[in-house]
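Novice: Listed below are the residues making up each chain.
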Amino acid sequence: IAGITQAPTSQILAAGRRMTLRCTQDMRHNAMYWYRQDLGLGLRLIHYSNTAGTTGKGEVPDGYSVSRANTDDFPLTLASAVPSQTSVYFCASSGGFNTEAFFGQGTRLTVV
Amino acid sequence: KQEVTQIPAALSVPEGENLVLNCSFTDSAIYNLQWFRQDPGKGLTSLLLIQSSQREQTSGRLNASLDKSSGRSTLYIAASQPGDSATYLCAVRVDYKLSFGAGTTVTVRA
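Taken in order, these protein sequences are the chains called P and B. Numbering of the first sequence is given in the working numbering, commencing with residue 1 and proceeding in unit increments. Numbering of the second sequence is given in the working numbering, commencing with residue 113 and proceeding in unit increments.
Rather than coming from a laboratory, the hints here were simulated on the basis of the structure. Possibly wrong hints are sitting among the right ones.
To be verified - Residues on chain P that point at chain B, a partial pick, calculated with CB under 8 Å: (1) A7; (2) Y64; (3) E100; (4) Q105.
Computed from a prediction, not measured in an experiment: that's the story for all the values here. Glycine included, C-beta positions come from ideal geometry on N, C-alpha and C.
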């Protein structure tokens, strides 16, 4: 039982580089989300998708983009990384907005 | 804007004692409330989900209550064990958004 798989597990990235964080779920959930977790700031929503083909902005979307070409995959792209994007990134999914949410193991990203 | 508060921020108890973790939220128009556990350097593990129409939910040694009108939820963990040491997060759902508290870090001393 895989659930949600995120890749890579960790990454050190030079500022200005482009990076895509991958997220795949095998639960056929309609809704998917990207959060970042920072000490003192907690978990904040970056982008979400309530079904394949649609996406929406969360609390902190600037500098990030997402796509949802199919049900299973929800990649997060940093077009030009900056040090303030150093964080732990979590992908999550749920069957709908009123059902249990499940989280991946996270990607620890350091931008230098 | 929904604000979620968890008090206390940290808790240390001897093994066998019952744990009581509190969560409060400012906007009572929620779909549901979910409790998570997070171990250091790991992802979030779902513990319990309470729908807005429910008053409580139980799973093994865990029991969570919800008082939507007063904006409060409490997670009870009976007969704590060292393996219960972790950070516990509550999150409330409104539409697409899950709003998280900062968490309560629990240490259970053997």
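Novice: Confirm or reject each hint.
Specialist: Verification of the supplied hints:
1. Violation of the interface hint for A7 (chain P) is found here, the shortest Cβ-Cβ separation to chain B being roughly 13 Å, above the 8 Å cut-off.
2. Interface restraint check: Y64 (chain P) against chain B, minimum CB-CB distance 16 Å, threshold 8 Å, status violated.
3. For E100 (chain P), the shortest C-beta to C-beta distance to chain B is roughly 5 Å, which falls under 8 Å, so the interface hint holds.
4. For Q105 (chain P), the suggested interface contact is upheld, since its CB lies about 4 Å from the closest CB of chain B, less than 8 Å.
Violation of the numbered hints given earlier is confined to hints 1, 2; the remaining hints are satisfied by the structure.
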